[in-house]
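With chain A's structure known, arrange chains B, C and D on it following the hints.
The chain contents come next:
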Amino acid sequence: MPVLKTYKDLPSTPVTFYSTESNKTGTWRTIRPILDESKCTRCYICWKFCPDLSVDVAKEGDFPSIDYDYCKGCGVCANECPSDAIHMEKEAHK
Amino acid sequence: MIEIRLHGRGGQGAVVASEMLARAAVRDGMHASAFPFFGVERRGCPVTAFCRIDDKPIRIHAGIYEPDYVIVLDPGLMALVDVFQGLKPEGKILINTTRSREDLTIKAHNKVVIVDATGIALKHGLGSETAPIVNTAIIGAFVKMFPKISIDSLLESVREAAPVKKEENASAARDAYEITKEV
Amino acid sequence: MIEVMTSNYAAAHGARLSKVEVIAAYPITPQSSISEKLAEMSVKGELHGQYILVESEHSAMSLLIGASYVGARTYTATSSHGLALMHEMLYWATGARRPIVMTIVSRAMAPPWNIWGDQMDVIGERDTGWMQFFCENNQETLDTTIMSYRIAEDRSVMLPAMVIEDGFILSHTFEAVDLPDQDDVDDFLPKFNPELKIDFNDPRRFGGLVMPDWWSEFRFRIAQDMEDAKKKIIEVDKEFEKKFGRSYGGLVEFYNCDDADVILALAGSAVGTAKHVSDKMRERGKKVGVVKIKTLRPLPAEELTKLNDMVPVVGVFDRSFNFGHGGGIFSEIRNGIYTPGGGLLTKNYVGGMGGRDFTPKHMEWVFEDLLRIKKEGKVDRMIEWIPLRDGTGRWY
Amino acid sequence: MPKFTIPKEEYLYKGHSGCPGCGTPLALRYALKALGPRTVLNFPAGCGGVVLGVWPGYAMKVPVVDNAFECTAAVANGIRAGFEVKGVDDAYVVGWAGDGATVDIGLQALSATVDRNSNIIYVMLDNEAYMNTGIQKSGCTPIGAWTTTTPVSGGKGYNLTPKKRIMDMLVANGIVYGATVNIAYPEDFVTRMQKAKDIRGTKFIHVFAPCSAGWRTDPSKSVEIARLATQTGTFPLYEVDRGKYSLTKEIKKRKPVDEYLKLQGRFRHLSKDAIADIQKLVDEEYERLLYKVKVTNG
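Residue numbers (my numbering), protein chains in the order written: chain A, 1 to 94; chain B, 95 to 277; chain C, 278 to 673; chain D, 674 to 971.
For reference, chain A alone in the conformation it holds in the complex (with noise of 0.2 Å):
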């Protein structure tokens, strides 16, 4: 990823460099998903649904976990969980 200074170190055009991955939308949320996993049934339909890439499983059979840096809060998951295992709390504010 070069060095962005003056327009010397631009491309010709705009084509990226990097991924939104340095952008932690985590920051957006009010209230965060809570995963509860003793209710949890490893069916990852919060995996499936998650608009923001938030909910991570390692390898098939692992339980799922929220990625908070991400997670904007949007409470799909909860919604669409079929064992009541992930609850909305309001964000906790620093």
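There's no promise every hint is true.
Keeping only pairs whose Cα atoms sit at most 25 Å apart, straight-line, the calculated DMTMM-like set for lysine to aspartate or glutamate is [to be verified]: (1) D:Lys965 x D:Asp841; (2) B:Lys150 x C:Asp455; (3) B:Lys259 x C:Glu516; (4) B:Lys260 x B:Asp197; (5) C:Lys468 x C:Glu516; (6) B:Lys150 x C:Glu472; (7) D:Lys676 x A:Glu37; (8) B:Lys186 x B:Asp148; (9) A:Lys24 x D:Asp841; (10) D:Lys676 x A:Glu89; (11) D:Lys935 x D:Glu897; (12) C:Lys321 x B:Glu250.
In short, the hints are calculated from the structure, not lab data.
Just chains B, C and D now, with coordinates in the frame of chain A:
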């Protein structure tokens, strides 16, 4: 001329708040200009809005970099955005929070006024627990800090510009005005 | 009646007060809130005609040309790529002598995408035969919309007009605006009654094919009417002042220029910042003046040549750039100023593009640079981009 | 045993700029799970492009090209032509545009590309209005909906024009394959894309994806609302393979349309009668679809 900068999140009404302040200032015979930071608004994303108020016509068409007042609608933003950047040494700060002045880790030594705008907003059914609409409460408190704008003009402007729940928004502004201590 | 509103809403009120009869609306940032406000007015019965949601800007202009052939007063608004998509039909409106008035909320041209204000889009349309009026603030957007119909529909003109406001800088900024009364506007602006329109009692073909032997004559008529429009523009501005108490100089406005050492020429919202800074600098004894280019087409060449006798140095600020040439307004001003043997020094400052904030600090730097050129008697470089990440550390 | 029901591989990065509860990133995820890494997408102005973020970052693991609003299909056709002359024959070209960008301003380019049967997949992400510019009516806005250009005042003013039947138009235009898909049915979404990708010629995928900001809905309900659209028959799932219509999601007992409408603020103003009219329209449209299935399968 005084320059105000409001910090909020998408959907919290920071831009409408700056509009209401401009309307109230014009009602009280002053000149005003209000504009949002022209970013790509997204719900929840930090949003900044600005307002200039003066006795003579305002002709500058440019951003505000050294505000006289900073109004923080969402305290959570203080961890993300340097909300006090460029604040004039004698500038004043208004923050929507329930924490005391000491709890707030604010390096700046400017005068800080606190108001529980969220509590007031929710009392009047404005927005939800997770997405309170705090803009009218907080500008009610602001007018106590900037008496050149009368509370009556502000309430009239709130009723005029509030897209919905006009009376509830006006009551929230009045409540905040009344409980904020004279500055 | 004073109301605080954005320049976009001021444009919508301008169209409403002008009793436009056919509106073609298509969304594009930052123009959309004009279309939205007109939709609101339409559903509340506040408009005087049809509000039509079209499927593209090309069709917006095509539809209005059709409506105008029937003698209906027409309006639309667009920005950036919407205007560019209309380009083909802009020539058409001019050639068909259809006095359509359109608000341009000027915005940068992609790629890459940029939704913010600059004047590349309107500069790209200078050759289409549309009159181009720039606005400094929200009040001027409203007033210019009404004046534009009066000018455009005059039988000596019959040419379309663009009313240009800077994207976001004006379009989304709230300022106090005095809404004129409908009766006053009706007095000022007679109903649209074109000489040539569809008439079953006098059926004609509008368009057709013109052979080379007559083509230039048609084009010369347009050239002449555009030239004559200058007098009409000044006349209408004066009449507007008599009726509503506000004037914008018609073609140009000289501000703080009488005893100025240097003058900066520019168009749009930055004029306000320039006036503000020029006043501040005069308080410190620095005599700098501002020429507001209210009308870019037709080019006010006569007014611009006066600059030769007023100052030794003229700067031009541009929110646009012709690659391989220079700022759009710069090339126009130099063209207008040019007098053989004239020693006037000129320099082009290009900034505020793609929404980049052009602040009083930048404006002051420009005036100081012009004063330095006056002192040294020569221009260091003809085109200066400011602010720019050029490694000099001047700005970053 | 816990199992993934759709491919695990992701081609979208975290940190994209979609609003909370947006349907577009889900559609992008599912489409690319089917198409894989040798896919290039081109986007006009619209949420599709904006969701991918701001230069110098972007949220995809495959190449992306931006284009002007009206020419998505033409640019996709151009990319395909470029691949063909360069002998690249194992790549997928996807023109991805919004509903307005497709059925309104981009229709001419799409129709011509279908006419040329260019080997591309054209995806129309349908959130039923111009959402990126701020919720203005498009040709896909359904009857009854509030938008900022069909505002409601005194119970009047909401959109009265029916959703354009773009699938029927393109079938008449001659597409080799078309399908409707819905982000609430990811497995079906992936299956359609996998089927479409290996058919030669122009394929049209009509994606139904909610916009919580534009539909005035609770972000957490996005998938639920999308599912209800299909369960009520408002957005049935079917495909048209070489002119043959067939349902891809059998809905035995359709739910009343009100269950779908009442979760959305954009329909809040509708009277009982207006809802009844919409129910009638949905029923008629669903019957028309069943008729087409019958007729085209002989």
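Results for each hint:
For the given pair, Lys965 of chain D sits about 10 Å from Asp841 of chain D by alpha-carbon distance, which is consistent with the 25 Å threshold. Distance hint between Lys150 of chain B and Asp455 of chain C is fulfilled; the C-alpha atoms sit about 16 Å from each other, no more than 25 Å. The straight-line distance between the Cα atoms of Lys259 of chain B and Glu516 of chain C is roughly 44 Å, outside the 25 Å bound, and the hint therefore fails. Taking the CA atoms of Lys260 of chain B and Asp197 of chain B, the gap is about 34 Å. The hint is violated against a cut of 25 Å.
Restraint check for Lys468 of chain C and Glu516 of chain C: the C-alpha separation of about 17 Å stays at or below 25 Å, so the hint holds. At roughly 46 Å between alpha-carbon atoms, Lys150 of chain B and Glu472 of chain C are farther apart than 25 Å, so this suggested pair is violated. For the given pair, Lys676 of chain D sits about 17 Å from Glu37 of chain A by alpha-carbon distance, which is consistent with the 25 Å threshold. Proximity of Lys186 of chain B to Asp148 of chain B is assessed by CA-CA distance (about 17 Å); at most 25 Å being required, the pair is judged to hold.
This hinted pair does not check out: Lys24 of chain A and Asp841 of chain D have alpha carbons roughly 42 Å apart, beyond 25 Å. At most 25 Å may separate the alpha-carbon atoms for a hinted pair to count; Lys676 of chain D and Glu89 of chain A exceed this at roughly 28 Å. Only pairs whose Cα atoms come within 25 Å are accepted, and Lys935 of chain D paired with Glu897 of chain D is accepted, the gap being roughly 12 Å. Among the hinted pairs, Lys321 of chain C with Glu250 of chain B is consistent with the structure: their alpha-carbon atoms are about 23 Å apart, no more than 25 Å.
Of the numbered hints given earlier, the model fails hints 3, 4, 6, 9, 10; all others are met.
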